[in-house]
Amino acid sequence: MSALLLRDIRLATRAGGSAMLALAFFAAVATLVPLGVGADLKLLARIAAGVLWVAAVLASLLALDRLFQADFEDGSLDVIALAPQALETTAFAKTAAHWLTTGLPLTILSPLLAVLFGLPENATAALFVSLLVGTPAVSAIGAVGAGLTLSIRRGGLILPLIVLPLLSPAVIFGAGAVLAVLDGLSNGALLLLAAFSFFACVLSPFATAAALRLNLGS
Amino acid sequence: MAASIKSVEANALTVIRGGRVLFRDLSFRVEAGKALCVEGANGVGKTSLLRMLGGFLDPASGTIRIGDAEDAEERGKLVGWLGHHDAVKAQMSVRETLSFFARLYRGDGDVEAAMDAVGLTRLADLPGQYLSAGQKKRVALARLKLCGRPLWLMDEPLASLDAAGKTIAADLITAYCARGGIAVVATHELLGIACERLVL
Numbered sequence: 054m055s056a057l058l059l060r061d062i063r064l065a066t067r068a069g070g071s072a073m074l075a076l077a078f079f080a081a082v083a084t085l086v087p088l089g090v091g092a093d094l095k096l097l098a099r100i101a102a103g104v105l106w107v108a109a110v111l112a113s114l115l116a117l118d119r120l121f122q123a124d125f126e127d128g129s130l131d132v133i134a135l136a137p138q139a140l141e142t143t144a145f146a147k148t149a150a151h152w153l154t155t156g157l158p159l160t161i162l163s164p165l166l167a168v169l170f171g172l173p174e175n176a177t178a179a180l181f182v183s184l185l186v187g188t189p190a191v192s193a194i195g196a197v198g199a200g201l202t203l204s205i206r207r208g209g210l211i212l213p214l215i216v217l218p219l220l221s222p223a224v225i226f227g228a229g230a231v232l233a234v235l236d237g238l239s240n241g242a243l244l245l246l247a248a249f250s251f252f253a254c255v256l257s258p259f260a261t262a263a264a265l266r267l268n269l270g271s
Numbered sequence: 002m003a004a005s006i007k008s009v010e011a012n013a014l015t016v017i018r019g020g021r022v023l024f025r026d027l028s029f030r031v032e033a034g035k036a037l038c039v040e041g042a043n044g045v046g047k048t049s050l051l052r053m054l055g056g057f058l059d060p061a062s063g064t065i066r067i068g069d070a071e072d073a074e075e076r077g078k079l080v081g082w083l084g085h086h087d088a089v090k091a092q093m094s095v096r097e098t099l100s101f102f103a104r105l106y107r108g109d110g111d112v113e114a115a116m117d118a119v120g121l122t123r124l125a126d127l128p129g130q131y132l133s134a135g136q137k138k139r140v141a142l143a144r145l146k147l148c149g150r151p152l153w154l155m156d157e158p159l160a161s162l163d164a165a166g167k168t169i170a171a172d173l174i175t176a177y178c179a180r181g182g183i184a185v186v187a188t189h190e191l192l193g194i195a196c197e198r199l200v201l
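As they're listed, the protein sequences go chains A and B.
This note's numbering puts the first sequence at residues 54 to 271.
This note's numbering puts the second sequence at residues 2 to 201.
Simulated from the structure, these hints should not be mistaken for laboratory data.
Careful, some of the hints might be misleading.
Said to hold, decoys possible - One-sided and incomplete, this derived list gives chain B residues near chain A with beta-carbon spacing under 10 Å:
| id | residue |
| --- | --- |
| 1 | Arg21 |
| 2 | Phe57 |
| 3 | Leu58 |
| 4 | Ser62 |
| 5 | Thr64 |
| 6 | Leu79 |
| 7 | Val80 |
| 8 | Lys90 |
| 9 | Ala91 |
| 10 | Asp111 |
| 11 | Glu113 |
Claimed, not checked - Covered stretches of chain A (in silico footprint by chain B; criterion: 3 or more residues with CB under 8 Å from a CB of chain B, positions within the stretch not fixed):
| id | segment |
| --- | --- |
| 12 | 125-136 |
| 13 | 181-190 |
Said to hold, decoys possible - Part of the chain B face toward chain A, derived, beta carbon under 10 Å:
| id | residue |
| --- | --- |
| 14 | Phe29 |
| 15 | Gly77 |
| 16 | His86 |
| 17 | Met93 |
| 18 | Arg144 |
| 19 | Arg150 |
Backbone N, C-alpha and C fix where the C-beta goes; we use that ideal spot for every residue, glycine too.
Could you build all of it, start to finish, from the sequences and the hints given here?
Listed below in structure tokens is the structure:
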């Protein structure tokens, strides 16, 4: 599993890889919104979590359509599927590599971008934690979508239509966790987000592997 | 090779693709140490047959046994695969590609020796994007050597290879069979090795 994980991280971070693309997209969206909304710091702080969460989800999606597609097109997926490890393990390794090269860097970058929205320190911390806890769910659910759309022509366009509705709980709870801190409320949203992310990560390898088997046999 | 198998056996295979019967009641048996050359016109089902043997596809009817394995997933774990595409990444060098697959397959093969066997030593650090189609095919042949599986399924292994490359491919298959391996090769070209023939 480590061989596949390291290879995917290496491919994502090399020239032409998806890691920098996702980060650049996230930063661009997060920079443009305050410019468009104006200097109303109260308003910016209220919308920060929602905007940054949606930007993080969309940035993650940029790299998702190639998660299995590139290996499928160049024949690597056939060879990887016949390797000793189960296809579920393969799906988990590739999903983990996706999160390590998109979700985690986006999370690390988020406190910097939160400054543009005038987010208070405690809310910035809540945003960081919510992204850290929630972005694995984005990769996990996205992997299932990437597996399902593998052999579909222009599957990259269909992928968001499948994945985005399934990710709405992550966005709702993720942004809700930050708003709860801003409003001084107890943070049940973060716990719900953690539970959602946990179940997504546990179930995703099985669903993704089933989708891959379906496409490899087509 | 990590493990050896006695034979590959197919009984009364029928394949239907896109509502079209490609072949019906196909049976064959290949013993250890032998190569089977699958021949036939375009679209008769050579690739489908290989993908069925490898466990990717299910036959409409019939059974496949590779050694003692009948289950598709178990069969797949005995297979070294060389398909139409060569599984070479543009961003990874020849050495990185082969090292990756050697680790993935937990093979005990020597990457340097495998590159030497297919004449790629001097290109070891060249990224895949600069390799020609024939050189990529050589990488795929080296990968087969490293995966340590008792059955090679090869789809057009001579495609894109020059005369020297074809000789290397033929020598690799011959040496592999001499060590007790089984090769099932779908091809339109003369392999230049002793093999049984199956015409679809």
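Against chain A, with CB atoms and a cut of 10 Å, does the hint on Arg21(B) hold up?
15 Å, violated
Does Phe57(B) pass the interface check with chain A, least Cβ-Cβ distance below 10 Å?
5 Å, holds
Is the shortest C-beta separation between Asp111(B) and chain A less than 10 Å?
Not OK, violated: Asp111(B) not within 10 Å of chain A, min 17 Å.
Less than 10 Å between beta-carbons is the criterion; does Val80(B) satisfy it with respect to chain A?
Holds: closest Cβ of chain A sits about 5 Å from Val80(B), inside 10 Å.
Given Ala91(B) as an interface hint, is its Cβ closer than 10 Å to any Cβ of chain A?
7 Å, holds
If you take the shortest Cβ to Cβ gap from Gly77(B) to chain A, is it below 10 Å?
5 Å, holds
Given a cut of 10 Å on the nearest C-beta pair, is the interface hint for Phe29(B) held or broken against chain A?
21 Å, violated
Arg150(B) as chain A interface residue, shortest Cβ-Cβ below 10 Å
8 Å, holds
Double-check Glu113(B) for me: the hint is only fine if its C-beta lies closer than 10 Å to a C-beta in chain A.
With Cβ-Cβ at 18 Å, over 10 Å, it is violated.
With 10 Å as the cut and Cβ atoms as the points, is Lys90(B) at the interface with chain A?
6 Å, holds
Proposed interface contact between Thr64(B) and chain A, which counts if any beta carbon pair is under 10 Å
17 Å, violated
Residue count check for the segment 125-136 of chain A against chain B: does it reach three with CB-CB under 8 Å?
holds (count 10)
Of the numbered hints given earlier, the model fails hints 1, 4, 5, 10, 11, 13 and 14; all others are met.
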